[in-house]
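Convert by adding 1 to the 1-based position in the sequence shown; the result is the number in our numbering.
The hints are simulated quantities; they were obtained by calculation from the structure and are not laboratory data. Note that the coordinates shown come from a computational prediction; the quantities given were computed from them, not determined experimentally. Hints are not guaranteed to be accurate.
Okay, the calculated beta carbon distance ranges per label pair [what the hints assert, rightly or not]:
| # | residue 1 | residue 2 | range |
| --- | --- | --- | --- |
| 1 | Leu13 | Gly37 | 18 to 26 angstroms |
| 2 | Ala27 | Phe172 | 41 to 49 angstroms |
| 3 | Gly107 | Lys169 | 41 to 49 angstroms |
| 4 | Pro171 | Leu13 | 15 to 23 angstroms |
| 5 | Ile182 | Ser152 | 28 to 36 angstroms |
Heads up, simulated DSBU-like pairs for lysine-lysine below, C-alpha to C-alpha not over 30 angstroms straight-line [stated by the list, open to error]:
| # | residue 1 | residue 2 |
| --- | --- | --- |
| 6 | Lys22 | Lys169 |
| 7 | Lys102 | Lys123 |
| 8 | Lys102 | Lys180 |
| 9 | Lys64 | Lys123 |
Backbone N, C-alpha and C fix where the C-beta goes; we use that ideal spot for every residue, glycine too.
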Amino acid sequence: MPNDAFRLEQGLVSVFTGHGKGKTSAAIGIAVRAAGWGARVYIMGMMKGGEYAEEHGEYFVLKNLPNVTISYVGERSWLRSGPSKDDYRARAKEQLLAAKKAMISGAYDIVILDEINQATFKGLIDVPDVLDLINNRPKNVELILTGRDASPEIVRAADLVSEILMIKHPFTEGIRARKGIDY
2 MPNDAFRLEQ GLVSVFTGHG KGKTSAAIGI AVRAAGWGAR VYIMGMMKGG EYAEEHGEYF
62 VLKNLPNVTI SYVGERSWLR SGPSKDDYRA RAKEQLLAAK KAMISGAYDI VILDEINQAT
122 FKGLIDVPDV LDLINNRPKN VELILTGRDA SPEIVRAADL VSEILMIKHP FTEGIRARKG
182 IDY
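Based on the provided sequences and hints, a complete structural model is requested.
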């Protein structure tokens with residue numbers, strides 16, 4: 002039964018990383034499960050903003066849940082074209098600060114930073130800034146970090162780390178991502 006007074010006694014830091022499919026899906030699964038019990042969830046999708054956000058089926062469901070706040074930031078073209086890397090870094094840093102404010106505000110039980118590991122790997126966000134976020138997390142807030150290429154420092158700082166391996170993937174056979182299944 003949902004509980005409007007859902008609160009965690011002890012939040013943990015979880016990292017879902019690796020080159021296999023399912024990192025975001027794992028985090029979204031936790032968000033939906035927790036929201037069903039009345040948890041207040043904040044999701045920031047790094048590198049998934051603009052029109053790209055609306056190409057993800059989960060976005061449409063999550064934005065309509067009353068106790069879920071979702072913010073997809075960035076663009077499809079992160080580091081491929083468009084604004085300079087410095088512009089992207091500045092925007093990514095602003096978004097990380099917004100996530101930190103949300104985390105320490107007391108308004109959320111769970112904070113998910115989707116693709117934050119990839120943002121650090123690509124040099125958009127500095128690993129020490131993510132470690133600062135981890136180290137300043139209120140004890141009753143669950144922090145979930147996703148994305149391939151998690152740094153060793155972030156892995157060491159986490160309480161739970163799952164590496165999702167790609168053993169076989171249809172993309173290698175030329176099958177493109179499918180609406181409703183992969184996005």
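In ascending order, which of the hints set out earlier in this document are inconsistent with the structure?
2, 4 and 8
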